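Engineer: In the order they appear, the protein sequences are chains A and B.
94 is the number that the working numbering gives to position 94 of the first sequence; each next residue is one higher, with no gaps.
92 is the number that the working numbering gives to position 92 of the second sequence; each next residue is one higher, with no gaps.
Derived by calculation from the structure, the hints in this document are not laboratory data.
Quick caveat, the model's predicted, so the values are computed rather than measured.
Ideal Cβ positions, reconstructed from N, Cα and C, are used throughout, including at glycine.
Label-pair ranges, simulated between beta-carbon atoms:
1) A:ASN56 to B:THR149: 32 to 40 Å
2) B:PHE168 to A:ARG230: 55 to 63 Å
3) A:GLU312 to B:ALA303: 53 to 61 Å
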Amino acid sequence: MTTPATPDASATPAAAADLAIASTALTKRFRGGQLAVDHVDLAVPQGSVYGFLGPNGSGKTTTIRMLLGLAYPTSGSAELLGVAMPDHATEVLDKVGSLVEGPAFYPYLSGWDNLARYDAADRSVNPRTAKHRIGTAMERVGLTAAAKKKYRHYSLGMKQRLAIASGLLRPRDLIILDEPTNGLDPQGTREVRALVRQIAADGITVFVSSHLLAEVEQVCTHVGVMRTGRLVFQGPLPELRRTGAARITVHTADVEMAAKVFAKLGLADPAAGAPGVPGDDTITAELGDASPEIVCAELVHAGVGVRGLAVESPSLEDLFVGLTGEGFDVEH
Amino acid sequence: MSSTDFLPGADPPVTPRLGGLPVPPIPPGQRNLRFFLNELRLIFFRRRNQLLLGVVALFPLLIGIGLKVAAPNSPGGGGGGPGVGGPSGAGQLFNQLAGNGVFLTFIALALLLVLVLPLAVAVISGDSVAGEAGYGTLRYLLAVPAGRTRLLVVKYLAIVVFAVAATFIVTVVALVTGIALFPHGPVTLLSGNTVSLTDGLWRVLLVTLYTCAAMAAVGAIGLAISTFTEHAIGAIAAITILVVGSEVVDQVPQFAAAGPYLPTHWWAYFDSFLRMPMDTTSIWHGLLSFAVYAGVFFLIAWARFTSADVTS
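In isolation and in its complexed conformation, chain A is listed as follows:
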């Protein structure tokens, strides 16, 4: 898997072609003046499962709307599969399946007729294969038995699955799923996750947004993290894990001496005392490339009485919260 390069990679056609989604300084300011999306440079590699994360209201859906040509950017540009949006939307959107802000169908039509409606609107499919394709899509999401049922009688999970089916009406190169597990029970969430895995296994790029890291963590190869309209992290999932530096904590009576050893070993960001507890007899620092065994040996060698030693890595969830901030953020 190629690492998505810096945003300026999209400037060169060769690099852009490897990206399913590329945006440059994509910005959306609402009429009220609110900056919903602020210079976002997305780089979604072909074939990846890209988790687009961020709390509610961080600009994920607005970004997706711009990617799909539903909303026009205030400034900046975006490319889907190498084609400029929104100017050439109709040339590329037939290769993109999408679920935006929840399912939306005609309540007075059956599930089947709803899919037939969207299929009829597609100018580049063969009408003669419609029956076959609708049937296959419904089967794929397990709705064959409910095909003739009116949409208004569908359960939430069924509605969600029908929306995914509408994205699978024809072969796609890219599937964009905005909060596909929103409002689903744990079982429904698992079903959607399994579907995402299946789609990705076919070699289709999947761009899936969520406000819950745990939901996409298991299926994603890449993540992008939004916070108040800005993309604060983007890269392969292991890279996000790596940014969460492990910290070593030493419990000792001789904090001063331990600090000297830490400095000698070049450990970054040393801090004496447990956070918020003055006079505490602990010292912590980022472990970096050093191994805890060496640190321990050096401490003992320097005559520091080590009472306890621990290494802690933040969980992905902690990293995520660290990036996006705790709770609601309404700075803008």
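Got chain A; can you put chain B on it based on the hints?
Structural biologist: Structure of chain B alone, referenced to chain A:
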């Protein structure tokens, strides 16, 4: 550029991945027709719209029965239409009905043209874009991609088909009711000349088509209003207010100068077809007015719809 990789080149692998069904080339016209027919299906198979057309059909029947009961056997006489204050001289139409059932079509159209027909068209046209926005289906149609201009054209054509259907339902029901309940034969026109039944029926068709054109213009106004909101009921109300407002202003003598420019002004001139010779000047004025209204409001709808963010 890289974009070419994704344009025509990506088409061939589409079908092999889908069960290997053979794909003969399909003319684009056929695909557009499929979308248009699906739109018609959406309109005409919807229970609400079927009910609406049923109610529209009921009016000429009730008017015919009501007039028959009110004036059972008074050929040539009768009190006319006391309740009709329309600008078309509908009172004279009522007098003619006693002599010829064909006139029920003109009476029904004159009465329904005031509110019922425009209201029916308002429901469909007001719902056209706003309804899709309200359901959220608009964003999926555009993501399909249906194409914004293409979607708007399909929507408008379907509105026109509905307007034509509603108008012809009135004519057909009125004609059948009129012929069943009243005498028929050579038709005496408003100008006093008598023409053959065939000529009379020909004029019925012309009047109906003229009314269709008027309703098609209302449909364009409705489509434009519909692109500005995601509340279908708001759009329907706005169109209705516009129609009634125009009719009211048209009745005020002080505003007579503005009259010919009002969207509803030329509706009543369909009685020009019932004279010998036909008042073609008024007819052409009317048709020009409908065409201008339809064109201008379709352009407004297009300008709005192709530039606005879809936020629903």
